Amino acid sequence: MRISILCSGASHPVYSHLEKWAAVTRASHDVELVQKKAELSGGDVLFLISCHEIISAQDRARYGASLVIHASDLPVGRGWSPHIWQILEGKHDIVVSLLEAEDQVDTGALWAQRHLVLEGHELYDEINVKLFAIEMELMSEAVAVEGRRAPVPQDHRSPTYYRRRGPEDSRLDPNRPIADQFDLLRIVDPHRFPAFFDFRGHRYVVRIEKVEATDE
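Sequential numbering from 150 applies to the sequence shown in this note's numbering.
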């Protein structure tokens with residue numbers, strides 16, 4: 150089987166996981182991992198993972214299946230950074246969906262779903278490790294069932310949409326308790342979009358590190 154993975158940036162946290170998945174999968178399949186649409190060579194399965202380019206129907210027609218992964222129970226939670234928004238909503242059980250890529254974002258038929266279960270203490274990197282492990286499992290399942298399982302259309306619930314997050318979404322309120330803002334502290338990217346607050350005429354960046362377990 151010829152498999153392509155398109156991820157727009159090697160600096161994205163998922164990229165190293167994709168490299169490992171590709172290396173393992175090459176034992177039985179032809180796998181390419183590229184960062185630009187122009188580098189795609191066509192084949193059986195195309196995975197679009199953190200892809201920032203527009204992939205048209207013509208592009209997708211070069212593959213037997215073109216798939217994306219989205220961390221929500223679609224059609225609820227279409228849009229940007231769904232697992233981040235759901236953690237901020239207080240959710241600990243997040244559905245991760247493997248679906249067909251379509252012109253309208255996050256509308257494709259579902260191939261498989263998994264549950265990302267969080268305990269409420271995980272920091273950004275720990276959340277990513279759990280999420281990316283599920284994404285790799287879904288990719289492996291897609292390869293295993295390609296051509297042998299009919300995808301299921303999304304149900305008739307009314308779709309909801311998350312907006313794109315920006316730097317201002319990492320803002321802390323220095324007048325509120327840490328406990329009230331802990332979920333925000335733990336989900337922001339500490340390198341690209343760190344938490345921050347303005348106080349007494351200056352801006353401060355806040356990064357947290359987990360040291361050890363306690364009884365509190």
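Calculated from the structure, these hints are not laboratory results. Among the hints, a few may not be true.
In the BS3-like style, the derived pairs of lysine-lysine whose C-alpha atoms are separated by at most 30 Å in a straight line are [said to hold, decoys possible]:
id: 1; residue 1: K359; residue 2: K186
id: 2; residue 1: K169; residue 2: K185
id: 3; residue 1: K240; residue 2: K186
id: 4; residue 1: K359; residue 2: K279
id: 5; residue 1: K279; residue 2: K185
id: 6; residue 1: K279; residue 2: K186
id: 7; residue 1: K279; residue 2: K169
id: 8; residue 1: K359; residue 2: K240
id: 9; residue 1: K186; residue 2: K169
These numbers were taken from a predicted model, which means no experiment stands behind them.
Straight-line alpha-carbon gap K359 to K240, limit 30 Å
holds (21 Å)
Hinted pair K279 and K169, Cα distance within 30 Å:
holds (15 Å)
Between K186 and K169, does the CA-CA distance stay at or below 30 Å?
Within the cut-off at roughly 21 Å; holds.
Quick one, are K240 and K186 close enough, alpha carbons at most 30 Å?
Roughly 35 Å separates the two Cα atoms, so the pair is violated.
Given the hint that K359 pairs with K186, test it: the Cα-Cα distance must not exceed 30 Å.
violated (38 Å)
Hey, K169 versus K185, does the alpha-carbon distance stay inside 30 Å?
holds (19 Å)
K359 and K279: Cα distance at most 30 Å?
Measuring from Cα to Cα gives roughly 16 Å; hence the hint holds.
Given pair status - K186, K279, alpha carbons within 30 Å:
This hinted pair holds, its Cα atoms lying about 28 Å apart.
Given the hinted pair K279 and K185, is their Cα-Cα distance within 30 Å?
holds (26 Å)
Violated hints, in rising order: 1, 3; the structure is consistent with all others.
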